[in-house]
Each structure stands twice: as C-alpha cells, then as structure tokens.
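Enquirer: Spelled out, the chains give:
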Amino acid sequence: MNSRKAEILVGGFVVLAFAAGLMLALKVVNQNMAGQAETYTLNAKFDNIGGLKVRSAVKVGGVTVGRVDSITLSPKDFTPVVSMSISKEYDKFPETSSVSILTSGLLGEQYVGFQPGFEIEGIENLSDGDFIEDTKSALVLEDLIGQFLFSKGQ
Amino acid sequence: MNWLAGIGAVTIGKLSSFGRATLMLFGAIIAKPQFIKNVPLTIKQIYAVGVQSLLIIVVSGLFIGMVMALQGYTILVGYGAEGSLGPMVALSLLRELGPVVTALLFAGRAGSALTAEIGLMKATEQLSSLEMMAVDPLRRIIAPRFWAGMISMPMLALIFSAVGILGGHVVGVDWLGVDSGSYWSIMQSTVDWDKDVVNGIIKSAVFAFVIVWIATYKGYDSIPTSEGISKATTETVVYSSLAVLGLDFVLTALMFGIE
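Residue numbers (this note's numbering), protein chains in the order written: chain A, 1 to 154; chain B, 1001 to 1259.
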C-alpha cells in the first residue's frame, strides 16, 4: 500500500462525506425561513391556540410566509400571545388583516391562517411588533362535541 | 471472608483497568500531542478504518433505507399518510439509525481490526522495540488510530444517512409510487439542521470516541498470546456495541427527550 494511493482514496472519502453533508443540507433540511432570511415580527392574541406549536407555519392562501416564533401567556389577561416572524418580502399587509388557527387536513398539524384585509384609504400597513386585532381561535373538538350534545338536549 | 475479598479483587481489577485505559488515552492524545508529525500516519489510518469500511456502510445504509420505506409505506398507506414517508425515513436515519448502526458496524469492522493489530504488535514485541528506539508507542501507534476513528465515524454516519434517504426514495417513490415532491418537501419542512443533523453528528462523534478508546485499549492491554488476542477482539466488539446502545439512550434522552 503506497501512501500516494492511500492519500487519494482518503481524499475521495472526504469528498464523499462532504457530498453527503451537502445533500442533507440542501435536499433534506428545511432551509427556507431558517433565520438567515430577513423577517419582521407580528403578534396576535388568541383565546385558545389549540395544538399550535413553535415553528408552525403562517400561511396566506396556502403559501407559507413565515413561522411561529414564540407562544407565551400574557400575564395581564391570561390569554395566549403568538408572535410570528414574517418574511420581509411580504411587508405590505394592511392593518385590517385577520389571523385564525386552522388545521391542515382532518388530523393534520395546525397552522396560522393569515387573511390580508382590504386596502382602504387611511388604513396603515402592519409593521414590526404590531398586534393583529382580528383573531379567530382554534377549533377544539371537545368544545364542538359539547355544544352539539347541549343543543341535542334542549 | 473469601467471598468479600473476591468482590474487592474484582472491583479493584475493574477500576485499575479503567485507570490504565485513561492513562493510555491521556498519554496518546493529550500529553505532548504531535499533530503535524502524525498527519501522514493518521491519513494512512483513515484509509484503513474509514475508506475500507465504506462498502459495508453504503450497502447497509442503502438496504436499511429501502426496508424502512417498504415497512413504513405499508403502515402509513392505511392512514392515507404515505406522504409522510420522507420525514419518517429521514428522521429515523439522521437521529438514530445513522449514528447507531454505523457505530455497530464500525465496531465490528474497524474496532476489531484495531484491537487485533495492536494486540499482535504487542505479542510480537513490536511495541517494546519501538520503546527501545525511544519512540513512544502511544503517540506513534495509538494516537493516529484514535484520531482516524474520530474523523472517519461522523463522515461514515453522514454517508450512511444520505445513502439511506436515497434508498428510501428508490423504494418509496420509484417503486411504490409515493409522490416525489411530497417525499422531499414534507421531509424538508420537518427536518431541522441543528436539531436533527448536528445532533446526529454529535452522537456519532461520541460513539467514535468510545469505540476507538475501547478498541485501542483492549489491544494495548491484551495478554500477548493468541488466546489473549482473540479474547481482546471479542471483548472489543461486545463492549463497544453495549456502550453504543447504552449511550444512545442517554444521548437521545438528553437531545430529544425534553422539548
């Protein structure tokens, strides 16, 4: 075994490992919205967030525009506050926009559905740190069943 | 009294062998390291433990990915969730099977060879003759093998995972007809670089440390007879496999246990 051949083969091995790492980085790993893209933050207060999690998607008409950054409980009125980082690409949402917590498919994961409002004269765009006023909470299956049973009983 | 003395003797024996192992590791890699001088030796060892393990790693990675896609498909299709095949294959490979199976194969393929090689060097008194020539066998023999293992294992685990994901694609998409777009895109939206890939690399580095340490120590400390070397080789494979499986549980609990 001469050392020249060993060096060439080890070089090939290292290149192969880098190719594998590169493939994982580019094809397998979630690269959009990984933090390097410029984002701004919007907040929204919900009554109930259901099964929403940090890193859940924020979608406008099915297109992902951002991710949930953090979920905290407001210390004043004990309602959940969801803060979302939205891509800077989409920074012209009017203040009349609304958000709701939706479910993809019947049993799928929950995401934030963002409904852009109408652009009317005198209405400003949402900017970094703003609270979205118009929110709809997640549908909780147990509440629905409870309401159904209650209405049957009447 | 004899009974108590027996327990004491076993405990002292285990502790002193652990101490010798630590001293050997310290002498080989911490005390007066000679990185530049050892680079050609290390490259030769990477060839021996890394490049020569490539075939078994690629083949088993491919087949494990294919089998997982096949098994996962039959279960997921019952829920109409066969689109989730991609993340299932990718996450189980990156988090668990990649590092663990690579480590087990590495222990069998490279660890046993290291032990046998060093044990035979000891039996034929090559180590003593090195010392006679004022060459420290720890630094000349053990250190390059240690670093070669530490460098090769994470790379082998990465190759294993990547090949396994491609194997899952071959079976899931090309054969069973899962949509190629959803295989990759749901995988991309689920797998995280820091949480999944980097943790997998950390795991395989820890496994590499344990395997190479056990393998070199068992060889260095073996009884220099043919029986002693065969016992040391067996112990290397058994101990490193057990250590890898036990450590894997601890590491998984630390990395993925608490959200």
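Honestly, the hints are just simulated from the structure, not real lab data. Be a bit skeptical, because a hint or two may be false.
[Said to hold, decoys possible] Capping the alpha-carbon separation at 25 Å, the derived lysine to any residue pairs in SDA-like fashion look like this: (1) A:27 with B:1071; (2) A:136 with A:41; (3) A:27 with B:1083; (4) A:27 with B:1037; (5) A:88 with A:149; (6) A:27 with B:1041; (7) A:53 with B:1041; (8) A:88 with A:56; (9) A:59 with B:1063; (10) A:59 with A:5; (11) A:5 with B:1186; (12) A:92 with A:64; (13) B:1231 with B:1113; (14) A:53 with B:1192; (15) B:1195 with B:1025; (16) A:27 with B:1070; (17) A:53 with B:1194; (18) B:1037 with B:1025; (19) A:59 with A:83.
[Unchecked claim] Short derived list, chain A residues pointing at chain B, Cβ under 7 Å: (20) 6; (21) 11; (22) 13.
Glycine included, every Cβ here is placed at the ideal spot set by N, Cα and C.
Enquirer: Could you run down the list of hints and mark each one as holding or not?
Expert: Cross-check of the supplied hints:
| no. | hint | verdict |
| --- | --- | --- |
| 1 | A:27 with B:1071 | 23 Å, holds |
| 2 | A:136 with A:41 | 19 Å, holds |
| 3 | A:27 with B:1083 | 16 Å, holds |
| 4 | A:27 with B:1037 | 39 Å, violated |
| 5 | A:88 with A:149 | 46 Å, violated |
| 6 | A:27 with B:1041 | 35 Å, violated |
| 7 | A:53 with B:1041 | 50 Å, violated |
| 8 | A:88 with A:56 | 18 Å, holds |
| 9 | A:59 with B:1063 | 38 Å, violated |
| 10 | A:59 with A:5 | 54 Å, violated |
| 11 | A:5 with B:1186 | 42 Å, violated |
| 12 | A:92 with A:64 | 16 Å, holds |
| 13 | B:1231 with B:1113 | 13 Å, holds |
| 14 | A:53 with B:1192 | 15 Å, holds |
| 15 | B:1195 with B:1025 | 30 Å, violated |
| 16 | A:27 with B:1070 | 21 Å, holds |
| 17 | A:53 with B:1194 | 18 Å, holds |
| 18 | B:1037 with B:1025 | 18 Å, holds |
| 19 | A:59 with A:83 | 14 Å, holds |
| 20 | 6 | 4 Å, holds |
| 21 | 11 | 9 Å, violated |
| 22 | 13 | 5 Å, holds |
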